[in-house]
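Colleague: Sequence:
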Amino acid sequence: MAKTNKNQMIKILLLAAIIILIPILTPNMYIMQIINMICIYIILGTGINVLTGFTGQLSLGQAAFFGIGAYTAALMNTRGGMQFFLCLIGSMLLTGIFGVILAVPALKVKGSYLALLTMGFGEIVRIVMINWTPVTNGTAGILGIESPVIFGFAFDTLKKYYFLIMVFVILCLLYQNTLIRTRTGRAFIAVREDNEAAELTGIDVTSYKIKAFVLSAVYCGIAGCLYAMMIKYVSPDTFTNNISSVILWTAIVGGFGTVAGPVLGGIIMQVLPEALRFLGDWRLVVYGVILLIVILRFPGGLYPYIQKFVDNRKAKKSAGAAAGKG
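When we follow my numbering, the leftmost residue of the sequence shown carries the number 110, and every step to the right adds one.
The reader is advised that the hints may include incorrect statements.
List time: in silico DSS-like cross-link candidates among lysine-lysine, alpha-carbon distance up to 30 Å [unchecked claim]:
{"id": "1", "residue 1": "K425", "residue 2": "K115"}
{"id": "2", "residue 1": "K115", "residue 2": "K417"}
{"id": "3", "residue 1": "K425", "residue 2": "K120"}
{"id": "4", "residue 1": "K120", "residue 2": "K268"}
{"id": "5", "residue 1": "K426", "residue 2": "K115"}
What follows is a set of in silico ranges between Cβ atoms, one per label pair, in the way DEER data are often shown [unchecked claim]:
{"id": "6", "residue 1": "G397", "residue 2": "I239", "range": "23 to 29 Å"}
{"id": "7", "residue 1": "K120", "residue 2": "K341", "range": "34 to 40 Å"}
{"id": "8", "residue 1": "V244", "residue 2": "G311", "range": "43 to 49 Å"}
{"id": "9", "residue 1": "F194", "residue 2": "V244", "range": "21 to 27 Å"}
{"id": "10", "residue 1": "R292", "residue 2": "N421", "range": "31 to 37 Å"}
{"id": "11", "residue 1": "I279", "residue 2": "G409", "range": "22 to 28 Å"}
{"id": "12", "residue 1": "V237", "residue 2": "S354", "range": "18 to 24 Å"}
{"id": "13", "residue 1": "K341", "residue 2": "V394", "range": "30 to 36 Å"}
{"id": "14", "residue 1": "R292", "residue 2": "W391", "range": "47 to 53 Å"}
{"id": "15", "residue 1": "I210", "residue 2": "E305", "range": "24 to 30 Å"}
{"id": "16", "residue 1": "I119", "residue 2": "V213", "range": "46 to 52 Å"}
{"id": "17", "residue 1": "I131", "residue 2": "L195", "range": "24 to 30 Å"}
{"id": "18", "residue 1": "R295", "residue 2": "L130", "range": "34 to 40 Å"}
{"id": "19", "residue 1": "N421", "residue 2": "T248", "range": "50 to 56 Å"}
Rather than coming from a laboratory, the hints here were simulated on the basis of the structure. No residue lacks a Cβ here, since even glycine has one placed at the ideal position from N, Cα and C.
From just these sequences and the hints, can you work out the full model?
Modeller: Quick look at the structure:
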């Protein structure tokens with residue numbers, strides 16, 4: 110037991126060291142922005158993972174919640190003069206409310222109809238962003254968003270901002286990990302496996318589906334607030350259905366229904382397009398082919414296969430050590 114605790118402590122310290130060293134060793138701001146975007150997409154991927162991976166409710170409208178969170182923070186900051194935490198709370202509350210609004214009609218459909226419903230919701234939100242000019246400033250977007258200032262410390266560079274985002278990445282992952290171990294998390298999984306069976310065991314399926322939609326929306330609201338205050342500009346072009354697809358792929362590639370899947374997916378989905386830029390116009394074709402191969406070869410996502418490989422290696426190592434002692 111003591112050895113296990115010691116190993117866990119070493120892993121935590123090593124991970125903390127890596128997190129701290131990343132901005133120090135990053136050579137330029139271009140790579141730093143990619144790293145920050147990876148962190149934001151980890152939060153977005155975690156949100157869709159709760160909804161689709163653990164509860165089985167497919168959504169293609171996550172960009173709408175992402176945009177609502179970003180615009181809420183932008184408006185509260187530029188027009189209301191409010192600082193980071195108030196903007197964050199506002200983004201979380203408003204996206205949570207819209208999560209309920211979408212969840213109610215979503216309860217009546219499933220499968221491809223649910224996907225179409227959520228996609229339509231995303232498109233409606235984008236059209237409102239474009240046409241509600243007095244509030245959203247239309248296609249011109251909102252400029253002049255201020256950097257967060259917390260206890261007098263300004264997160265006004267990408268390297269400083271990285272640490273702020275990382276705090277929320279860790280909190281969101283820890284919350285998801287804790288949630289799945291609770292009664293609510295177990296109910297989510299039961300709903301995913303079989304609605305009727307879950308109801309027969311006394312689970313309020315409607316209530317838990319709404320909770321999943323709201324929680325997923327709130328994750329997007331957090332990511333939207335962080336994104337707006339990092340880029341310092343928001344516009345409707347950022348929150349298209351294509352972004353919803355990228356968010357969904359983030360969880361699929363990493364591994365739906367796993368806590369670490371969105372982390373791996375976030376890294377792959379942000380790094381891969383940049384790594385393929387040298388291919389020019391063929392970049393998206395190759396990108397799509399690689400993703401298709403991943404899905405066909407690793408249908409459950411990459412993380413479960415990596416975990417299985419690591420477990421097998423440990424088992425072989427333990428067996429070899431036991432044989433050596435014998």
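Colleague: Looking only at beta-carbon atoms, does the pair R292, N421 fall within the given range of 31 to 37 Å?
Modeller: holds (33 Å)
Colleague: Between the beta carbons of I279 and G409, is the distance compatible with 22 to 28 Å?
Modeller: Given about 25 Å between the Cβ atoms, the range holds.
Colleague: Per the hint of 24 to 30 Å, is the separation of the Cβ atoms of I131 and L195 within bounds?
Modeller: holds (29 Å)
Colleague: Check the following: the C-beta atoms of N421 and T248 are separated by a distance inside 50 to 56 Å.
Modeller: Holds, at about 53 Å.
Colleague: Can you tell me whether the CB distance of F194 to V244 sits inside 21 to 27 Å?
Modeller: At 23 Å between Cβs, range holds.
Colleague: Taking only the CA atoms, is the gap from K115 to K417 under or equal to 30 Å?
Modeller: holds (23 Å)
Colleague: For K341 and V394, compare the CB-CB distance with the range 30 to 36 Å and indicate the outcome.
Modeller: holds (33 Å)
Colleague: Kindly confirm whether 46 to 52 Å is satisfied by the beta carbon distance between I119 and V213.
Modeller: holds (48 Å)
Colleague: Assuming the hint says 24 to 30 Å, is it satisfied by the Cβ distance from I210 to E305 or not?
Modeller: Holds, since I210 and E305 (Cβ atoms, about 26 Å apart) stay within the stated range.
Colleague: Is the straight-line distance between the alpha-carbon of K425 and that of K120 30 Å or less?
Modeller: holds (21 Å)
Colleague: Would the hint linking K120 and K268 be met if the CA-CA limit is 30 Å?
Modeller: holds (24 Å)
Colleague: Against the 30 Å threshold, does the CA-CA distance of K425 and K115 hold or violate the hint?
Modeller: Distance of about 22 Å is within 30 Å: holds.
Hint compliance for this structure: every hint is met.
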